[in-house]
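Asks: Below, each chain spelled out in residue letters.
2 protein chains.
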Amino acid sequence: MKVLIVFAHPEPESLNAALRDVAIASLQEAGHEVQVSDLYAMNWKPSVDRADFPALDPGERLKVGAASHAGFVQGALTADVKAEQEKLRWADMLILQFPLWWYTMPAILKGWVDRVYAYGFAYGVGEHSDRYWGERFGEGTMAGKRAMLIVTAGGWAEHYSERGVNGPIDDLLFPINHGILYYPGYTVLPPFVGYRIDRFNDARFAQMAEALRERMRSIDTTAPIAYRQQNGGDYVIPTLELKPDREEAGTRGFALHLTPAG
Amino acid sequence: MKVLIVFAHPEPESLNAALRDVAIASLQEAGHEVQVSDLYAMNWKPSVDRADFPALDPGERLKVGAASHAGFVQGALTADVKAEQEKLRWADMLILQFPLWWYTMPAILKGWVDRVYAYGFAYGVGEHSDRYWGERFGEGTMAGKRAMLIVTAGGWAEHYSERGVNGPIDDLLFPINHGILYYPGYTVLPPFVGYRIDRFNDARFAQMAEALRERMRSIDTTAPIAYRQQNGGDYVIPTLELKPDREEAGTRGFALHLTPAG
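As you go down the protein sequences, you meet chains S and C in turn.
Count the first sequence with this note's numbering and you get residues 21 to 282, in order.
Count the second sequence with this note's numbering and you get residues 21 to 282, in order.
Be aware that one or more of the hints could be misleading.
Identical copies go unnamed one by one, so any copy, or any two together, can satisfy a pair.
To be verified - Here are the simulated DSS-like cross-link-like pairs (lysine-lysine), alpha carbons at most 30 Å apart as the crow flies: (1) Lys263 - Lys102; (2) Lys83 - Lys65; (3) Lys107 - Lys65; (4) Lys263 - Lys83; (5) Lys263 - Lys22.
Hints in this document: simulated from the structure, not taken from any laboratory.
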């Protein structure tokens, strides 16, 4: 497969960078082709602003969705954004790698999403009406491609467990896995999460690196997170609420959007 | 009260800007003092990098937490970060206002959190050991102050409802309300959320503005979200897991961290 790793850490000698290199080597050994967007090294511009839409009339009010759509269909987005979109088209698999800062991705990576995910490319795809709400959540530009997160956290696994004070890691990552990866059509693999990364020694690094290698070796066979398709019949259109009795009794919150096992 | 509004929208003529002005006017009419950090107008730097830590030796590897701590205790963070921390000390209440982009805040506001929330200021406060895990989640530098979100979304309220495809809005905002506002000690009020903001007319704006005015008039009396205190006896130390049987039967996920009503 062709794999794009979008990497967001400011320090080239960081644990994150070392894990990235483990992932790259492991993917290449397995015969995959790898490209990396190292956002800090690229000096990636994080904030969406007027400069992102060179075709927008200077006197016109900036409406981000409309400007993004016009720029996308006219081929008039900026060169850095178009280059990233090209990499996404090229890749069969997308990996986002980042340290968990304040329970989500660093600003520079959020800014990659905000800017690269143009209207017409990652959202606003397909008919939007009261009868059909677009190709998204399992359909869209990225349908058929795979994606996953590689995340590091300072806290303990227990702090992110089902009853941990931070909230369960799967729920904290839902807005990214479901809202950013599944939304434009990616098939989403379970995340790789490394905990307690501020207290590392060689033995623990070796252990984490081996676990990551194992995940990289199996990217084409790992079973994905079983999110429901928006247009698969489970949701009422246009309110997009899950139809009654589609879930196991007692299921609540984000877990409603998983297809029940068996 | 003294109120700081941190505002993140690139367009001065946007609906968000109009709502911000409604909030300011309403707060001032009620006798509150208001400061605004308009992040786009300030050209806020979003990405944490070496330049944030001028005291860091150029040959030294950047460890963000350690560099942030050293910079904070030595008074050696950058002037823009110190100015924001000063505003946070000044304010009795913090309001973060932003459009929901990809289910969370825009990159520029995430970058405000990543940079202003220094180690020793917003985290790493108090003893950290196997017996005590810091002053956070209800305690810390911001204890006694209030905070809330003002958020706009393009989708329908139903899409963000209990069974909506996006996930419930309270769960989507939990990493911000609990993980960014409650973490350093703020008492967190329920968010103000405006839906379908891409399909606006004067009548709907008037209605939303009036609802926002009502919220602004009652900032000192609105009942907060009843998050549990980390050090209030509900959690096992140091795994920080909620003790058994502290919740109503059937409660799952983020809702575990709310004190049961009555």
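Asks: Evaluate each hint against the coordinates.
Replies: Cross-check of the supplied hints:
1. In the homo-oligomer, the alpha carbons of Lys263 and Lys102 never lie at most 30 Å apart, since the shortest distance is 39 Å inside one protomer and 50 Å across protomers.
2. Taking the closest pair of Cα atoms, Lys83 and Lys65 come within 30 Å of each other both inside a single copy (19 Å) and across two copies (22 Å).
3. Taking the closest pair of Cα atoms, Lys107 and Lys65 come within 30 Å of each other both inside a single copy (17 Å) and across two copies (26 Å).
4. Taking the shortest alpha-carbon separations for Lys263 and Lys83, neither the intra-copy value of 34 Å nor the inter-copy value of 48 Å comes in at or below 30 Å.
5. Proximity of Lys263 to Lys22 under the C-alpha cut-off of 30 Å is found in neither arrangement, the shortest distances being 37 Å within a copy and 46 Å between copies.
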